[in-house]
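Given these sequences and hints, build the entire structure.
As you go down the protein sequences, you meet chains A and B in turn.
Under our numbering, the very last position in the first sequence is 775; numbers go up by exactly one each time.
Under our numbering, the very last position in the second sequence is 554; numbers go up by exactly one each time.
Think of the hints as simulated: they come from the structure by calculation, not from any bench.
Careful: at least some of the hints might be erroneous.
Stated by the list, open to error - Label-pair ranges, simulated between beta-carbon atoms:
1) Thr-542(B) - Ala-614(A): 49 to 55 Å
2) Gly-464(B) - Lys-25(A): 54 to 60 Å
3) Val-188(A) - His-549(B): 39 to 45 Å
4) Glu-578(A) - Glu-516(B): 39 to 45 Å
5) Ile-23(A) - Pro-514(B): 39 to 45 Å
6) Glu-516(B) - Ile-215(A): 54 to 60 Å
7) Gly-559(A) - Ser-525(B): 56 to 62 Å
8) His-549(B) - Ile-215(A): 42 to 48 Å
9) His-549(B) - Asp-128(A): 54 to 60 Å
10) Gly-435(B) - Ile-215(A): 26 to 32 Å
Stated by the list, open to error - Footprint (simulated), chain B over chain A, 3 or more residues, beta carbon under 8 Å:
11) 532-540
12) 585-592
13) 597-609
Bear in mind that the values here come from a model prediction, so they are computed numbers and not experimental data.
Built from N, CA and C at the ideal position, the CB exists for glycine as well.
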Amino acid sequence: MSPLDTSAFIGKFVDEARDRLKGLSAEVLGLEQAAGTDKAVADTAIGEVLRQAHSLKGSALMLGLTDISHLAHQLEDLFVVAKRDPRLLDSRAFDLVFGALDLLSDRIERLGRGDATPIDAADLYREMAALLVPAEAAAGELPAAAPAAPGRAARETPEVVSTRPLPGLRHSLRVPMEKLEGLTNLAPELVLQSLKASERHIELRRLETRLSRLRDRVREARLASGDSTSGHAADLREYADSLDAICRRMRAFLVDFSDDRVRLNLITEELRQNVIELTMLPLSTVFDAFPRSVRDLARTFDKEVDLTIRGRETELDKRIIEQIAEPLVHMIRNALDHGLETPAERIESGKPATGQLLLSAEQQGNRILVAVRDDGRGIDAGALREAAVRCGIASAAEMEGWTPQQLVEIIFQPGVSTRSSATDISGRGVGMDIVKSVVVRLGGTVRVQSEPGRGTTVVLDLPLSLALLRVVLVEASDEIFALPTASVRRILRIAPIELPRHQHATSAEIGGESMPLMALSALLQLPPAAIVESHQTVLVAEAGDGRFGLIVDAVHEEQELVFKELRGPLRSQRTFAGAALLGNGDIVPILEVQALFELAAQSPAEPAVAAIGPRVAVRRCKVLLADDSLVAGELQKNILLAAGYETDLAHDGAEAFELLHQKEWDLLITDVDMPHLNGFELTARVRADERLRDIPVIIVTGRDSIDDRRRGFEVGADAYVLKREFDQIQLLDTVRQLIGRGAASNAAVPRLPRSAGQTTHD
Amino acid sequence: MAEDEAQPPAPESVPDEVLEAIERQEEADATPAPPRERLAYLGFYVGQEVYGLPLGQLREVARLTRLRHIPGAPAGVAGLVNLRGEIVCALDVRAILGLSAQAPADAAFLVALRDFDDPVGLIVDSIADIYSIDPEEIEPTPTTWSPERRACFVGTIRVPVGTMGLLDVHRVVRT
Chain A
14 MSPLDTSAFI
24 GKFVDEARDR
34 LKGLSAEVLG
44 LEQAAGTDKA
54 VADTAIGEVL
64 RQAHSLKGSA
74 LMLGLTDISH
84 LAHQLEDLFV
94 VAKRDPRLLD
104 SRAFDLVFGA
114 LDLLSDRIER
124 LGRGDATPID
134 AADLYREMAA
144 LLVPAEAAAG
154 ELPAAAPAAP
164 GRAARETPEV
174 VSTRPLPGLR
184 HSLRVPMEKL
194 EGLTNLAPEL
204 VLQSLKASER
214 HIELRRLETR
224 LSRLRDRVRE
234 ARLASGDSTS
244 GHAADLREYA
254 DSLDAICRRM
264 RAFLVDFSDD
274 RVRLNLITEE
284 LRQNVIELTM
294 LPLSTVFDAF
304 PRSVRDLART
314 FDKEVDLTIR
324 GRETELDKRI
334 IEQIAEPLVH
344 MIRNALDHGL
354 ETPAERIESG
364 KPATGQLLLS
374 AEQQGNRILV
384 AVRDDGRGID
394 AGALREAAVR
404 CGIASAAEME
414 GWTPQQLVEI
424 IFQPGVSTRS
434 SATDISGRGV
444 GMDIVKSVVV
454 RLGGTVRVQS
464 EPGRGTTVVL
474 DLPLSLALLR
484 VVLVEASDEI
494 FALPTASVRR
504 ILRIAPIELP
514 RHQHATSAEI
524 GGESMPLMAL
534 SALLQLPPAA
544 IVESHQTVLV
554 AEAGDGRFGL
564 IVDAVHEEQE
574 LVFKELRGPL
584 RSQRTFAGAA
594 LLGNGDIVPI
604 LEVQALFELA
614 AQSPAEPAVA
624 AIGPRVAVRR
634 CKVLLADDSL
644 VAGELQKNIL
654 LAAGYETDLA
664 HDGAEAFELL
674 HQKEWDLLIT
684 DVDMPHLNGF
694 ELTARVRADE
704 RLRDIPVIIV
714 TGRDSIDDRR
724 RGFEVGADAY
734 VLKREFDQIQ
744 LLDTVRQLIG
754 RGAASNAAVP
764 RLPRSAGQTT
774 HD
Chain B
380 MAEDEAQPPA
390 PESVPDEVLE
400 AIERQEEADA
410 TPAPPRERLA
420 YLGFYVGQEV
430 YGLPLGQLRE
440 VARLTRLRHI
450 PGAPAGVAGL
460 VNLRGEIVCA
470 LDVRAILGLS
480 AQAPADAAFL
490 VALRDFDDPV
500 GLIVDSIADI
510 YSIDPEEIEP
520 TPTTWSPERR
530 ACFVGTIRVP
540 VGTMGLLDVH
550 RVVRT
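The following block contains the structure:
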């Protein structure tokens, strides 16, 4: 048999060994915490340590990495003895074990980089031997045990292995990152293409309507020509018949095409989700390093701490995971160094000596919230003030009127530390500004909450994926701009404000908070659009340094776009972070929120802008909502109102059907599960009703099974939108596709006619 | 609404010979040209004047469609153009050369340039012709021009339609 070429297995071994070392580290930590308390827990943990160490030893041996297998073997020996005599595991023993694990980790990482220098663990071996000698002697006192040589003991371990099945064994394939990146770039393109197909479908429907109108006219002409058998009348008959046939085929084709489109959309969306998930990793890849480092840091700072980790199985984009490790280290160090008090201080202030540290992750829609919470002393506002003055960020007088939140934000300024003495790990005045810059670069935000004496929580609000940027499309002076969704806090409608003529910005109180307010068109020096109706739409956006209100002419849908940086000759401008292509091929510039905020905050004197234009009365599209959930209904209502539609809310299907008859409506949006008349039945009734059958219907529901969707389209819905937060914004997109924009733009787009009877043609 | 919407008039397309010449030049790029050979230049109009660029610096010539204005952009930047899925920064040659401001002609063209890290193109009014030029015949720019204007050119040359200013693209893109 030819010798095995082991080099091909090194990568796999490195991956495997990393996992095993992580597992080992976690078990040993657990063991240290449980030391002397629960024999059963300790036994289980030791069993697991033995299993992991043994497997590591086996793999290393197969690849000829004898230094690794030897050290793993030593660990095994130590724990075999410890299994019989737990007293062996004192703090000196744990330090040795952690030392050994560090050496192994280091060796594995070097191996991963192609450096095959073996471990030099001579000192460690000596200490381990010294540790084992008295223990061996002690073990020897037990009647049944002969003075055991380490090697003998090790032979017992295969039993341990064989009795435990490998947990969660999964088949996996290593794929080069570039291949995945190619796929992640293609997926959004496919989504765009599928959107285009949807637009073509609408166009096709329009053509079909025209065709049937033409058929009707030819029919009329044919009837008018009577039964004459002249060549002309015969021609007309022939034309009418073939037009009829074409219309029927066209209609059948449209039905098929609509089915295809629905299926294509479903598949595309699923594919996109799957592709995004391909590049996602569980947060455990970062989180699992913390039990160990928290233990070490607690020792350094003389703190006692219990670390709780939640949500380690939460998955997010690999590129985000890779970059948040460093910010998290800063946050944890801060919590241990600045946040938590020493045991003595804690007891003095009536707290348990052991501090609590919580590291958690949870998914909210398409965001991931990663939080570090401690129950320490909280951020000292007085010290922050002093630090701010010391670093020249603000004067004491300036800070008089600051809210606690504003004060806390000081910690994000470069160079601020509330500790007067620098430790070797934190307090050097770097940290939170790095945290913030990394998170902002990833399209996220950082929030800090602190209560004196009770503790501090730092929350990183991160996007799930970097492949696409989620933006809100807004309109100003008939042009579309995009604002990253992450920075939009609220969208609300206010009574029109006459902005001071000579300034970009004024100050307004929005939601009880005073903030700069400005019109996007004025800021971009675009001609102001005529004010329509009696309200203005304001977006409350959050920049790094504060919030501000942005008056826009309309808010359109939210979209995910492929972000392109603006470089070349446009690199020097700061108003826009980038640009992206919309589904229709239009280019939309993406606003840089921080730059807007700075402009708003400066509010420089400006030459007087032209007087605000005359009010134009425009008929607004009317949308009827049917939803028995008040929350869901009101939420949708607000979304539509903000986008410039007129809406009314019916609380069940029967009420909706009644309202539909009372007024003229342009669109019905209905939930499925409602009392009296459910959404499917309502849609079917609308379609069967001579007067209502042409009103487009959107079904908005939590039911996401294919069967439900099929049912929705079967009863005649034009679109099917899921209630999950992720899809809710799709609603506006769908509404716009069906009936055009709200009235906030100067010309209301007429809705597409469903049949010839609806609109006159000229 | 008219029963049949009138189709927009067929776009005044780029002369085939221009496209062919660009293709030929792309092929020629593979083999270095022997010295003293005549060079092919694309001549185009901006206003009344004709300007030229070596074909080797061109990526393609396309009709200018749907120019997206970028508020607050430098004066020389007309906006962004979607060139088959790629976002190209379109430069306003008129503004850069200090010609009288005027909206681009209806049938304006985008001359997309090569060899820039970020896609960039020039907006021109119309395409004149491809000229074969002997580098020896290139003359310095007239001293009557302003220094800023002279800086944007490598020289001038006589062509049948007048004196063609030969643009220094790197300079033009940088300003």
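Quick rundown of the hints versus the structure:
no.	hint	in the structure
1	Thr-542(B) - Ala-614(A): 49 to 55 Å	holds, 52 Å
2	Gly-464(B) - Lys-25(A): 54 to 60 Å	violated, 39 Å
3	Val-188(A) - His-549(B): 39 to 45 Å	holds, 41 Å
4	Glu-578(A) - Glu-516(B): 39 to 45 Å	holds, 42 Å
5	Ile-23(A) - Pro-514(B): 39 to 45 Å	violated, 58 Å
6	Glu-516(B) - Ile-215(A): 54 to 60 Å	holds, 58 Å
7	Gly-559(A) - Ser-525(B): 56 to 62 Å	violated, 46 Å
8	His-549(B) - Ile-215(A): 42 to 48 Å	holds, 46 Å
9	His-549(B) - Asp-128(A): 54 to 60 Å	violated, 44 Å
10	Gly-435(B) - Ile-215(A): 26 to 32 Å	violated, 45 Å
11	532-540	holds (count 3)
12	585-592	holds (count 5)
13	597-609	holds (count 5)
Violated hints, listed in ascending order, are 2, 5, 7, 9 and 10; each of the other numbered hints is respected by the structure.
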